[in-house]
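Each residue of the sequence shown is one higher than the last, beginning at 0 in numbering that gives the first Met the number 0.
Just so you know, these hints were derived from the structure itself, not from any lab. Just so you know, not all the hints are guaranteed correct.
Below are the BS3-like pairs computed for lysine-lysine, each with C-alpha atoms no more than 25 Å apart in a straight line [to be verified]:
no.: 1; residue 1: Lys149; residue 2: Lys95
no.: 2; residue 1: Lys149; residue 2: Lys68
no.: 3; residue 1: Lys131; residue 2: Lys51
no.: 4; residue 1: Lys51; residue 2: Lys68
Note that the structure is predicted; figures quoted are calculated from it, not measured.
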Amino acid sequence: MAIAVNITGNAELQGLQQHIARLSDAGNRRQLLALIGAEAETQTHRRLRDEKTAPDGTPWESWSDGYVKTRHGNHSLLMGNGELDDSIQFQVRGNKVHVGSPLVYAAVHQDGFEGAVNIAAHHRRITQAFGKVLRHPVWQSVGAHVRHMKVPQREYLGLSTENRQDLYALIGDFYGDLLT
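Full structure from sequences and hints, please.
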């Protein structure tokens, strides 16, 4: 297979050179990467808030029965108080876009975790005891201890087939606008 381009005059050649220059301009490339990052960040927010599936479409594992009891009516998988969702951001570094979260526990949800965790001594506000609501909350000292944790993988970072198609369309539109 071959592709041929016939250029018949200086005006066509100059126009083609201008298009090539716009396509290779570092400012345009950085703008495109920022658009890709913003779209991928939006896709990740949608996955956390609404879809509740890995990028390949696999539904996330439900909460354990014990954990369900600690959740409120407005909580859903990976959306307790919204800190993980709020922390999702993109960065453009060089010719790459990075989407993720700086939170330490973000990787635990992305990859899953099973193992021992050292819990430092701390104070906890207690609002119920022995299954009954306390009239006045109290603060309880909790000593340092080790806790075994098992958090299933709930992959939220990555691109689904639909996400990729959206990004390809964005890239096509961007370069189409540059060439007109």
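Check your understanding: Taking only the CA atoms, is the gap from lysine 149 to lysine 68 under or equal to 25 Å?
Key -> holds, 17 Å
Point to revise | Given pair status - lysine 95, lysine 149, alpha carbons within 25 Å | key: Violated: lysine 149 and lysine 95 sit about 33 Å apart, past 25 Å.
Review point. Is lysine 131 within 25 Å of lysine 51, Cα to Cα?
Key: violated, 33 Å
Review point. Given the hint that lysine 51 pairs with lysine 68, does the C-alpha gap stay at or below 25 Å?
Key: With Cα atoms ~20 Å apart, lysine 51 and lysine 68 stay inside 25 Å; holds.
Figure legend: structure checked against the earlier numbered hints; hints not met, in rising order: 1, 3.
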